[in-house]
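Chemist: Okay, here's what each chain looks like letter by letter:
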Amino acid sequence: MASAQSYLDQLFFGVLPYLALIIFFLVTIQRYRSQAFTYSSLSSQFLENQRHFWGLVPLHYGILVVVMGHVVAFMFPRQLLAWNGHPIRLYILEISALIFGLLTLLGLLSTLVRRFAFSKVRTVTSLADILLYVLLLVQVISGVYVAVMHSWGSSWFAASASPYLWSIITLDPDISYVIAMPFAVKLHIVNACLVIGFFPFTRLVHILVIPNPYLWRRPQVVRWNKAPGLRR
Amino acid sequence: MDVRSQIAMVFHLDKCLGCHTCSIACKNIWTDRKGTDYMWWNNVETKPGTGFPTKWEDQDKYKGGWVKKDDSINLKSTDKKRIVLNIFHNPHMPSMDDYYEPWTYDYQNLFNAKEGPDQPTALPISKITGEQIDIESGPNWDDDLGGSPIYAKNDPNLEGLTEQQKQQLFAIERLVFFYFPRICNHCLNPACVASCPSGAIYKRGEDGIVLVDQKKCRAWRSCVSACPYKKTYFNWHTGKSEKCILCFPRVETGQAPACFHSCVGRIRYLGVLLYDADRIEEVANLPDEELIEGHRSLVLDPHDPEVIAAAQRNGVHDSVIESAQNSPTYKFVKEWRIALPPHIEYRTMPMLYYVPPMSPVMATQEGKTINHVSDNLFHDIDEARVPVKFLANLFGAGHEAKVVYALRKSKAVRWYRRAVTVGDVSMEDAKKMLGAADCTVEEAEEIYKLTSLCTVEDRYVIPPAHREEAIEMIEDPHCHRQSVGFGFVSGPRRGA
Ligand code: SF4
Ligand code: SF4
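Sequence lines, in order, name chains A and B.
Note that the first sequence covers residues 1 to 232 in this note's numbering.
Note that the second sequence covers residues 1001 to 1496 in this note's numbering.
This is chain A alone, in the form it adopts within the complex (with noise of 0.2 Å):
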């Protein structure tokens, strides 16, 4: 029996991860070389202008800070634990990271409903964006369960959570820090590998292509039909 878990395990923390890594690069580069037609973030704003905001928005920024977070706490486990030496600071991090999970759900929720609410939206529905809302959803629902259950996240994150990531990237997993943790948790984990190997199948894939050069670039676009050189 042990043994059974210990597999599964290994499956979950050691395997998996490495599995939705190869296909996120695989098949997000592969689409963007014969498919990038479909990279789109497939707005529905036109079909329906008025709960788009009240979705689209909190949710965005919601989900924007919160990741940002755990990136945050990934790259600088240790600064991250130093500045929560103090308990205050401890305690607005903790607060506000709960305010944007909580953001981050009740536009998820928003959205959900809206898109099933309102026929026109529900047309331009697929089959990738239902699966891609119960995997939101799930791990929206687990991360703040975990915000709440499982207090002083910021600081466990950077302690164990950090250093186990740090062990995927550098190709040498090492699945004992996370053994140990809460189910919840581990479902945060799992759930966000699922995510991650199902991205390139997603509408997600407008986030690659957030559009930087726009902040400097000149206002207007010349395309010129001739070999570069030829002019100018």
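Just so you know, these hints were derived from the structure itself, not from any lab.
Do not take every clue at face value.
[Unchecked claim] Mimicking PhoX-like on lysine-lysine, the simulated pairs with C-alpha atoms at most 25 Å apart in a straight line are:
1. K1080/B x K1069/B
2. K1389/B x K1055/B
3. K1055/B x K1127/B
4. K1034/B x K120/A
5. K1114/B x K120/A
6. K1069/B x K120/A
7. K120/A x K1055/B
8. K1411/B x K1063/B
9. K1449/B x K1432/B
10. K1334/B x K1411/B
Once you've looked at the hints, dock chain B with the ligands against the given chain A.
Modeler: Relative to the frame of chain A, chain B with the ligands by itself:
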């Protein structure tokens, strides 16, 4: 001087019959695919009227185009800062309700209806959801409703008209309106291009056609808000913006765009204008009242040896320069100065010009006698039933002088020709009018010829393409109607 060439257009509004043939020609070729069903890259509006999408000229609502602030111009609602903040929800974007929900009819019901006391009917069903809908608006919903208190009254161009002028427009049995066909203006300072976060929209260097790169568009939707003419449309099925492409596959093969080719009233002219790209920014920054003159000054004389030399240095092909020398648009815009850009105050520097329409001759009533002529030969322009102020809001950034100039010249040419052919106007009067309208007899003859006797070759002077490798064209779009858009080997399948 950075001389470039632009395929520019003139629409002669006096000749438009409002038949919508142009719109249908365009729809048949380009927008009969799923997701484009509601788009009218070419549409014809009744003015006064609210247009398509409803009240598109109301920039307090849609906040499109550029505005001048101090020494520079900014996009009204779609500058970089605001696009970044509003990327998740675009606050000024029109939604389908501002256009209309495309529909078809449930024809099967005519055959399959159960036997009953009533005739079966084909009820309208939405082309999006397939559900039954009540049709609340459609393309040309206010067609010919010039005097309507529901539609025409809401025309944003009525701003600044006196009560009396408005009454004049709406008086029952004396209604007056005209048609206003619209396509993308392929602007020199396009707001759609400037606002696109992906840099997907671009102007072609050689001919100035503005296109959306379908593979780079990511549905950020800023162009839809940014274009003050509402000539970029959002394809709700593929999640990409689309717009008028000036039929570039046709133009490249020497054919006029479909809407031009099919135009029943022969109101459309197309030809090359050489312009100075170095001065666009300077001109776009001019105060409102100088915009028309400034815009016109961008257009260069294709016969001037200096311009020709600069164009050649810039790689403009000799055949294109020659085409510019024969361009009908050059005559209307620069030589005769009777074609004006629409809503130049949006500062996108449109490259589609309009010859403003003359309204029906107005008689003045004094007691029981009705006078048709007065001492002032141009009285029916000053007191026209479509008030000049209204036309000035459309074509003069609110300033009447340029519109009056164009109308006077048009009228003088008419009277002159009337003196020649009918003879009930004295040649002396006609010449007096020509003089007052800043028009010589030769010019009047030329205007008359290009307006009334023009052949296809006169109207469309299409420059040779010289595109050794067409970037946009991979497949022949005509072979793939309804399945493949333009420029795709594979079908433009909606992503997930
Ligand atoms: S009319 Fe609108 S869509 Fe066309 S080039 Fe100008 S700004 Fe762009
Ligand atoms: S086809 Fe020509 S005449 Fe007819 S509506 Fe269009 S522009 Fe006007």
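Chemist: Are the hints correct? Go through all of them and say.
Modeler: So, going through the hints one by one against the coordinates:
1. With a CA separation close to 16 Å, the supplied pair K1080/B and K1069/B stays within the 25 Å bound.
2. A C-alpha spacing of about 18 Å is found between K1389/B and K1055/B, which places the hinted pair at or below 25 Å, so the restraint holds.
3. Our distance criterion of 25 Å between C-alpha atoms is met by K1055/B and K1127/B, whose separation comes to about 24 Å.
4. Taking the CA atoms of K1034/B and K120/A, the gap is near 14 Å; set against the 25 Å cutoff, the hint holds.
5. Between K1114/B and K120/A the CA atoms are separated by roughly 29 Å; this puts the pair beyond 25 Å, and the hint is violated.
6. Restraint check: the Cα-Cα separation between K1069/B and K120/A comes to about 40 Å, which exceeds 25 Å; the hinted pair is violated.
7. Using a Cα cut-off of 25 Å, the hinted pair K120/A and K1055/B holds, with the two alpha carbons roughly 23 Å apart.
8. Proposed proximity of K1411/B and K1063/B is contradicted: the alpha carbons are some 36 Å apart, above 25 Å.
9. Between K1449/B and K1432/B the alpha-carbon distance is near 21 Å, which keeps this suggested pair within the 25 Å criterion.
10. Proposed proximity of K1334/B and K1411/B is supported: the alpha carbons are some 19 Å apart, at most 25 Å.
Violated hints for the displayed structure, listed by number in ascending order: 5, 6 and 8.
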